[in-house]
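> Position chain Z against the provided structure of chain F, taking the given hints into account.
Listed in order, the protein sequences are those of chains F and Z. In case it helps, my numbering puts the first sequence at residues 1 to 110. In case it helps, my numbering puts the second sequence at residues 1 to 113.
Think of the hints as simulated: they come from the structure by calculation, not from any bench. Positions of the beta carbon are idealized from the N, C-alpha and C atoms, including for glycine. Some hints could be false.
Far from chain Z, some chain F residues (derived; all Cβ distances over 10 Å) [claimed, not checked]:
(1) Ile11
(2) Leu12
(3) Pro42
(4) Ser72
(5) Thr76
(6) Ser83
(7) Gly89
(8) Asp95
(9) Val108
(10) Arg109
With a straight-line Cα cutoff of 25 Å, these simulated PhoX-like cross-link-like pairs (lysine-lysine) come out [to be verified]:
(11) F:Lys26 / Z:Lys44
(12) F:Lys97 / Z:Lys15
(13) Z:Lys78 / F:Lys97
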Amino acid sequence: QQPVQSPQAVILREGEDAVINCSSSKALYSVHWYRQKHGEAPVFLMILLKGGEQKGHDKISASFNEKKQQSSLYLTASQLSYSGTYFCGTDTPGDYKLSFGAGTTVTVRA
Amino acid sequence: EAGVAQSPRYKIIEKRQSVAFWCNPISGHATLYWYQQILGQGPKLLIQFQNNGVVDDSQLPKDRFSAERLKGVDSTLKIQPAKLEDSAVYLCASSPHNREPQHFGDGTRLSIL
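Just chain F, same shape as in the assembly (with noise of 0.2 Å):
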């Protein structure tokens, strides 16, 4: 079952801060972030394994609450690079299977 992501897409202006939510319905074990931009293959970001973990890429950090099942990916300071669509993946602990949700667009503007 794939994860569901908000919002679907969302606007910003160069330096605002975005919040995207990835929820499962599943335990998890691992959640993977990853942008693609139109045209291109998706990009990897980064990996949470464990509860409370965040990790940081660039400007983009993100969260992994493992007792809810969810992660979210913060764009800070938001540049125009980060245009795209970003996609969670999920995995559970027994299957190796990455789930990936529909995307949320992120669009920025100069």
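Chain Z in isolation, oriented as in the chain F frame:
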């Protein structure tokens, strides 16, 4: 390091025809994935290989789709016969092992007429 290579980039066929896609993963990566991405949706896993063996193919429509991984390196995905709903981008990805970050190829955009 060289990335994941896929070919062809684009393919247009008529329904009921057959088509094959090829993928060469990053050297040394044991795990190879084939995904189907329909416009506006996230990638959907079709099949996952660990070396020569299949880890998961639960979402592969086996009556028309088949895949193999030759000698634990290159892989081909075949559709025979194609249906209109198979129109999508087919992405190949690889990772050093299961559960590790995946590196995606540029994909093959398939259009069924």
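> If a hint holds in the structure, say so; if it doesn't, say that too.
Okay, the hints, checked on the actual structure:
Taking the minimum C-beta to C-beta distance to chain Z, about 17 Å, the non-interface status of F:Ile11 holds against the 10 Å cut. Remark: the non-interface label on F:Leu12 is consistent with the geometry, its nearest Cβ contact in chain Z lying 21 Å away (cut-off 10 Å). Listed as a non-interface residue, F:Pro42 fails to keep its Cβ farther than 10 Å from every Cβ of chain Z; the least gap is roughly 5 Å. No Cβ of chain Z comes within 10 Å of the Cβ of F:Ser72; the nearest lies about 17 Å off, and the non-interface call holds.
Listed as a non-interface residue, F:Thr76 keeps its Cβ farther than 10 Å from every Cβ of chain Z; the least gap is roughly 22 Å. A cut-off of 10 Å between C-beta atoms confirms that F:Ser83 is not in contact with chain Z; the least separation is 17 Å. Separation of F:Gly89 from chain Z is inadequate, the least Cβ-Cβ distance of about 8 Å not exceeding the 10 Å criterion. Not every beta carbon of chain Z lies more than 10 Å from that of F:Asp95, the smallest distance being close to 8 Å; the non-interface claim is violated.
Distance check on F:Val108: its Cβ is at least 20 Å (rounded) from any Cβ of chain Z, clearing the 10 Å threshold; non-interface status holds. No Cβ of chain Z comes within 10 Å of the Cβ of F:Arg109; the nearest lies about 22 Å off, and the non-interface call holds. Our distance criterion of 25 Å between C-alpha atoms is met by F:Lys26 and Z:Lys44, whose separation comes to about 18 Å. Our distance criterion of 25 Å between C-alpha atoms is broken by F:Lys97 and Z:Lys15, whose separation comes to about 30 Å.
Taking the CA atoms of Z:Lys78 and F:Lys97, the gap is about 21 Å. The hint holds against a cut of 25 Å.
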